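Asks: Going by the working numbering, the first sequence opens with residue 4, and the numbers climb by one from there.
Rather than coming from a laboratory, the hints here were simulated on the basis of the structure.
Below, a list of computed lysine-lysine pairs in the DSSO-like style, where the Cα atoms sit at most 30 Å apart:
1) K390 x K358
2) K214 x K202
3) K471 x K358
4) K156 x K202
5) K211 x K549
6) K459 x K358
7) K444 x K330
8) K83 x K113
Small disclaimer: the values here were computed from a predicted structure and weren't measured.
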Amino acid sequence: MDGELRDLATKLDRDARVEPLTFEQPEGREVYWHSSAHLLAQAVKQLFPEAKLAIGPPIDDGFYYDIDLGRPFAPEDLEKIEGRMRELAARDQPIERVEVPRDEAIRTYKEMGEKYKLELLEGIPDPRVSFYRQDGFMDMCRGPHLPRTGLIKTIKLLSTSGAYWRGDEHREMLQRIYGISFPRQEQLDEFLRQLEEAKRRDHRRLGKDLKLFAFAEELGQGLPLWLPRGATVRRLLENYIVNLELQHGYLHVYAPDLASVQLYKISGHWDYFREAMYPPMKVDNDELVLKPMNCPHHIMIYKQDQRSYRDLPVRIAELGRMYRYEKSGTLTGLHRVRSMTLNDAHIFCRQDQVKEEFAAVVRLIQQVYQDFRITDYRLDLSLHDPKDRQYYHQDEELWMTAEGLLHEVLRELGLTYNAVVGGANFYGPKLDVQVRTATGKEETLSTVQLDFLLPKRFELEFIGEDGKSHRPVMIHRAIISTMERMMAFLIEYYAGDFPVWLAPEQVRVLPIADRHLDYARNVRDRLTAAAVRVELDTSNERISYKVRRAQVDHVPYMLVVGDKEASSGQVAVRSRGAGDLGPIPLETFAARIMEEVAAKQ
RNA sequence: GCCGGCGUAGCUCAGUGGUAGAGCAGCGCACUCGUAAUGCGCAGGUCAUCGGUUCGAGUCCGAUCGCCGGCUCCA
4 MDGELRDLAT
14 KLDRDARVEP
24 LTFEQPEGRE
34 VYWHSSAHLL
44 AQAVKQLFPE
54 AKLAIGPPID
64 DGFYYDIDLG
74 RPFAPEDLEK
84 IEGRMRELAA
94 RDQPIERVEV
104 PRDEAIRTYK
114 EMGEKYKLEL
124 LEGIPDPRVS
134 FYRQDGFMDM
144 CRGPHLPRTG
154 LIKTIKLLST
164 SGAYWRGDEH
174 REMLQRIYGI
184 SFPRQEQLDE
194 FLRQLEEAKR
204 RDHRRLGKDL
214 KLFAFAEELG
224 QGLPLWLPRG
234 ATVRRLLENY
244 IVNLELQHGY
254 LHVYAPDLAS
264 VQLYKISGHW
274 DYFREAMYPP
284 MKVDNDELVL
294 KPMNCPHHIM
304 IYKQDQRSYR
314 DLPVRIAELG
324 RMYRYEKSGT
334 LTGLHRVRSM
344 TLNDAHIFCR
354 QDQVKEEFAA
364 VVRLIQQVYQ
374 DFRITDYRLD
384 LSLHDPKDRQ
394 YYHQDEELWM
404 TAEGLLHEVL
414 RELGLTYNAV
424 VGGANFYGPK
434 LDVQVRTATG
444 KEETLSTVQL
454 DFLLPKRFEL
464 EFIGEDGKSH
474 RPVMIHRAII
484 STMERMMAFL
494 IEYYAGDFPV
504 WLAPEQVRVL
514 PIADRHLDYA
524 RNVRDRLTAA
534 AVRVELDTSN
544 ERISYKVRRA
554 QVDHVPYMLV
564 VGDKEASSGQ
574 VAVRSRGAGD
584 LGPIPLETFA
594 ARIMEEVAAK
604 Q
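Assemble the whole structure, with the sequences as input and the hints as a guide.
Replies: Okay, structure coming up:
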């Protein structure tokens, strides 16, 4: 109604533009799932009257309700609740909006002992608050809701978990029940099918199947081993990005994995991130930590020379290995690890160069994404929150300048982006490239961060045209993220089908019978000499089985060789995606694959 | 770190207190085969680890380690 979400039963007391909502629209799904959450709460209250309700909102895929039961929900409880929800939906009761004076709501909730609802009420200043009633069950809610419970046709409770009340780890741990519902059974089936599909793309699954990386319990949590095939892909990524950066004026360096705590005290990270660093080890009169980041090291490198305004910008880059003591519960596959190598760089420049340097990084990101054929991402411009005086340094003017600059660059580049207030680092605003994992979680792949603070803390300077000392600005940036995260992302993005230029095994030679082994070896050696990553299947199996194995191993090209090929110097090419392509001369194939690699196909 | 679930062969999984199983992978033999699974055989396990209950534990209980789903965090 006039662009606002309202109940279907709302009285039309004025001229208004009215649009109906269906499940096909995001807002429609929101209402549908919100009502489903209420149904969940109703079922829980009927089965467990002592349960206290907290909040139950819709989410991207379904809904949840946070409940305090005093104990966890068992899987059998979920089944019972789901069954009760179906019964309640089948009764098809009307859902009505009721407005109640605030103090009456407080009185009722006090009587019921609903302490979370009472706390929510404290945050609502309005004299009247709205409730929704269905079948004798009332829940405080802004709404709107479905007109009848019977519209909820299929229900599936997916999981339970603990969740802190109001997201505060110092407060009560509530039980959260996640669920999903649809108007039609086929939609639920499709949803569950997609969940299965996501599991097949999951880099943890594929990483194991394709022997790319592994973890060992004996080795320690969050410390990945790069297996030969995964290491090959990583080396290709590293060579690619280092060469590209060298072409763009970056200077590549190396720094040690250990550093004095002193360094991070100067940078300020010790104050902010001490708990996430490995504890210091005492050596002689010093305390050393495993380095959690590379910036201070690059700053030390900048400080090795007296810099002139003519030298700037100085772009110092490193595939920097870092160690972070991430909380054990947050580690997942290669996405979150405790040892990682960042495609890091720090650009030291003059104020008047910031815009151009920032723009150059954004353009470089665009080029890299094109090379990897990554098209599905979002740009987030993370800004400071002026109200958060604890976290952010207080030079408000500096923030305004910095953030204004970034807005300007992005506008000039013609990019659409999403502004996130409160997303900035303590030292400055940043631009993040956000992507999704196979399991639907969002994460940052690339980042460009402005920093006016560290140059001050480390007293960086350069000599200006005027012969006086000036302070440079720093830009922190990572394009292909950490090798670990990029690997995880690419595995999932390509669903294990690496493009030829990145495939750990580009070609597999498949002889028809044992008498073709000599020719097959010949083919393999010719391709190896041409720097093609090729392997030979010498197993004593039928050709269809060898083909199957190569397909399962996600090898992009299979070369079938038998009598015909051996006698004519040809290979029968089969592509992983397109199937049998027929015989061509070996030299033609070699030339073609080298072209594809050069074109990053 | 917190809440919950899980841990059996290289992988996927069965095994509800009474002698550890299957398929795939591996190895051997035979077949020498034309584009997603040839047949037969063999081997493979301190049932994550440690402790407890029991005449007897893969199974029940506790602790530890690890993994999974969330929460919190993410320079």
